[in-house]
Structure formats: C-alpha cells, structure tokens
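Chains as they are written, first to last, in the numbering used here: chain A, 1 to 298; chain B, 1001 to 1287.
Think of the hints as simulated: they come from the structure by calculation, not from any bench. It is possible that some hints are incorrect.
A partial selection of chain A residues facing chain B, derived with a Cβ cut-off under 8 Å [claimed, not checked]:
id	residue
1	Ser55
2	Ile58
3	Thr67
4	Tyr205
5	Leu217
Backbone N, C-alpha and C fix where the C-beta goes; we use that ideal spot for every residue, glycine too.
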Amino acid sequence: MTAISPTSPEQLPAAPRQAFWRSFKIAAWLGWQIESNWADPFLFAIYSLIKPLASAAILVVMYSVITQADFESPVFSYIFLGNAFYTYVGAVMTGLSWAIIDDREHYKTLKYMYIAPINVPIYLAGRGVAKFLVASISVLITILFGVAFLRLRINLLEVDWLLFLVALLLGVLMLATMGLLLAGLNLLIAHHYGAWGEAVAGALYLFSGAIFPLEVLPVWLRPVGFAMPVTYWLELLRRALVGSVAQAFPTLSALSNLQLLGILAGLTVVFGLASIFAFRWCEHRARERGMIDMVTNY
Amino acid sequence: MANNSFAFDGGVRVKKNSGWRLFFQTVIARAYPRLIGQQREKSWMFFDIFLPMLGVSAYVFVYRALNAPEDYIGFVVVGGAMTAFWMNVLWSMSSQLYWEKEQGNLALYIMSPNSMMAVLLGMALGGMVATTLRALVIMLLGTFLFHVQYAVVSFWQLLAVFLLAMTALYGMGMMAASFYLLLSREAWHISSLATEPVFLVSGFYFPIKSFSFWVAAAASIIPLTFGLDAMRQLVFPSGASLGFLSVPVEIGGLVVLCIVFLVGARYLLAYMERLAIREGRLTESRR
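Put together the whole structure using the sequences plus the hints.
Structure representation (structure tokens):
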C-alpha cells in the first residue's frame, strides 16, 4: 500500500481560483435547493411569478384609475419598468444577506461553513444566485405581460442590447456588494435581522425613483436618491429598453448613457470596497464575540 | 359543570379553574405576552411602523406623480395603516402555530388542559390591540406628512365597520392558523405569497370599485376588502362615489363573514388538530 506523503497533490488545498469557483458553484446549487425544493416545480413557478405580477398589478391599477388607462404615456413605461427591475434589488441584495440568517438560525450550519475550506463572501454570492435566477424569470414574465396586455412599447430592434447587458451585469454586481454589506451586519445582530434587509430595500424603492421621478420627492430628500447607485442603474435599463422615457423626465436627462455608466461603475466600486472592508470587520467582530454559532430564536 | 377545582401541589391546596373560567384565563394568558412583549421590545414598534410607512410613502408619491385627486393620498394612508393588521394576521396569527411547532411549544399547547380556541382567541385579542396602536401611528404619521383631510360621515358606523372587520379578519386568522398546523417549511412561503396579491385584490391602495363587480365580490371574502371600502366611504368626501357597495350592505357582509370565520375556525381547528395528531405533524420539523 502506498502511503500518501504530507505534500502529495491529494492533500494540497485547491488553488485560490478553484476554491472560489467551487464555493460559488456548490453554494449556488445549495441555494437553488433551499429556494425551490419545498414545492413541486409547477407550484414553485406559480409562487415565483404571482408576487412580482401582483406587485406590478397594484401599480397598473393605480395608474389606470387615475389616467383612464393611458398606457401609451412614457410615465407608464417609467413606472412599469422601474418596478419590474426593482425585483432584482430585493432578490439579490436580501437573498445574499439572508443566507447568513438562514444558515445561522434556521439550519444552524454557519459554523460549519466557517470551518470548511471555502471563501465565505463567495459562498454568500453563490447563495444569491438562485434568487437572481428566479428574479430574472419574474422580471422577464412581468415585462412580457406589460408588452402583451398593457401596450408597453418595447421594440426589440430598437433596444440598445449592449447598454442593457452591461448595465444589468453592473447593477447585479452592485446589488451583490450591497447584499454583502447587509450580510456583515447580519453577522453582528441578533434582533430584527429580517427587518434591516426590508428597510434598506424599502428605502431604495422610495428614494431611487423606481416608480416615480425623483422630482416628486421633497427637495431635501432628492440628494439621497442621487447618492444611490440604484437610481442610475434603473435609468440606464429604462434608456436601453425604451429610449423615449429618458427625454420625458428631466431628472437625469442632462447625463449621457456613458456618464451614467461611469457614475454607476464608480458607485459600484465604492460600495464594493466599502462592503468588503465592512464585511471583514463585522466577521472579525462576530468571531471575537462568538456570534458565528449564535442561535437567538428571535 | 363546575368552573373550578382544587388540586394539591406540594402539600398546598391550589385552586384551579376549569370550564369557562379556564377558557378566559387562557385567553388572557395568551394575550398577555402579545401586549407586554410590545413594551419590552420597543424596537419592534419602530420597524412595524417604519416599514409600512416606506411603502405608503412610495405609493403616495406615485399618486402625486400622476396628479391624482387628494382623496387618493388618503386612500393610500388608510390602506397602509390597515396593512399592519393583515401582516399581523398573516405572520402572528396564521403562521403562529407553525412557529410554535418549530420551537417545540405546540405539543405543550395541545397537552395542556385548555382549549386551543382560547389560545387562538388570546393571540387574536393581544395582536389586535397591539396592532391597532401601530396602525394608529401609521395613520397619524401619514396624515401629518401628506396633509390628508378627513370628513367623517358617521362615527358610529365607522366604529362598527372597524370592529366587525377586525373580528372577521382575526376569525379568518384563527381559521388559517388551524390550516398551518399541517404545514412545515411551506408555511413561510405561503404567508409570503399572501402579501402582495391580497394587497391587490382587497384594494389596499385604490378603490376596490376599480375592479369588475364579480372580481370585487370574490375579493370580499377577505374581510379587509369590505372593511377598507366602507371606512373610505365614511371618512373621505369622494369615498361614497368610489364605494363598491353601500355601507349598510358592507356592514351586513362583515357580520356574515364574522359568523362564518369564527364558527369555521372552531370546527376546522378541531378537525385539523385531529388530523395533525393522526399524521404526526405536531412535532415534526422539516427544515
């Protein structure tokens, strides 16, 4: 029998890139199982679609009551698309941060994640993948519903696909970094962990001009909206899909697509760096205080 | 039947209630933590008020962006305040027995010599009082921030509508709670699913009359549909013209819903409890 020497390849840890990829892939698979295996696929599909469609329908009814169903107006495209893409905010950001709570409080496995040879932030990003996929399907169905039944004017030949894809990817990255920041906070808090995620998502819904132009906000609140990367992200997505919307609202009309992309990229880098440092700091504090394996039953 | 009995506990003669005395004792005992818990964990109040206010503000600004009549701002504020009750019924009534199961308390409830109906009633009363406070704060804040004007037509009718809507709503919650006895992981998802669709069909942010008659009539199975519609008719100048049915008819509908849900809760709870015991669902924890 051949003994394996302490330095044999079988015992060496995986290269960092491999470890990253492995953590991400397994976490994505695990996230998908947790998200979906409580019901059969048909029921899960209905569940995943009803919530975003109902949320969009509330706005559609509100809009049609006041405007006598004037769906041709750019205001409708603004509201409908902003609300549809906002689905990603809740899904990616809270999906990623909620993994901490799920693993620590519900499955009681967070401590095992910390003693396993994985990269925790990458693992958390992987856990967000399932929610991202479900959100993507919801966004697609919501927009298709708008096009089919509400005369939402999206001409596939006029869509700026490059801008759309770049903005979408950058936005998802930005939301993931915000989710990491929340995940760090979740490591340190015992109470209200669910409420913090909802509060941030709710505040972004209000301040980022997702469903109304920022001019409607009181003047003193508008700077909050301009500081949020989600504001620029949603504007870019709207411009990519229905360029006419950009001219209808003065909020960001002075900025070109490239300038908006630059601002979004800059804010993503800032939020990304802040999130990584904040997560590392929170993680260190959580280890110091013995909070990694805490179960609060809260 | 005697309402109290005596037992010896460590040589001391202890008076123990039974019958209706035990029933009310249980109601008070279960309502107590709901009321006291709120005082001990005041930070919950912040989130319970702050989160709905974010949603209310967003919908108010949508109406402002559309130059909607001012009454619609009031509709959103009242609807937003009433979301507190729906969320309470969903997460702290319907799902409660699922939480209790997760924490291992459910079996203790079933084993103890009291009525589960009393436990649910206590939960409902405690939750209702605590949530009324939150809803009031949301309404006051919304009124103050968005300058909502009210014109109350009949205070007594308004009070009757509110009390009937709450009775029917919490009766519905009690009925749903018995259904949750059989659920496990899916309980969370079902509660989550019953949020936006109910806000939509019950007209939390717009008059229910916007739907066709039959859609609105079907949505009236949820007590807040009639409750909100009647309240709006009674407190806003344009409410009556945007009402689904007349207020007396909606009051009649709420009375029917109260009876159906409370009686239904009584029978469904007994049935579900038997079923859950037979299928061994009371102590399971499928994560």
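Hint-by-hint comparison with the structure:
no., hint, result
1, Ser55, "holds, 5 Å"
2, Ile58, "holds, 5 Å"
3, Thr67, "holds, 6 Å"
4, Tyr205, "holds, 5 Å"
5, Leu217, "holds, 7 Å"
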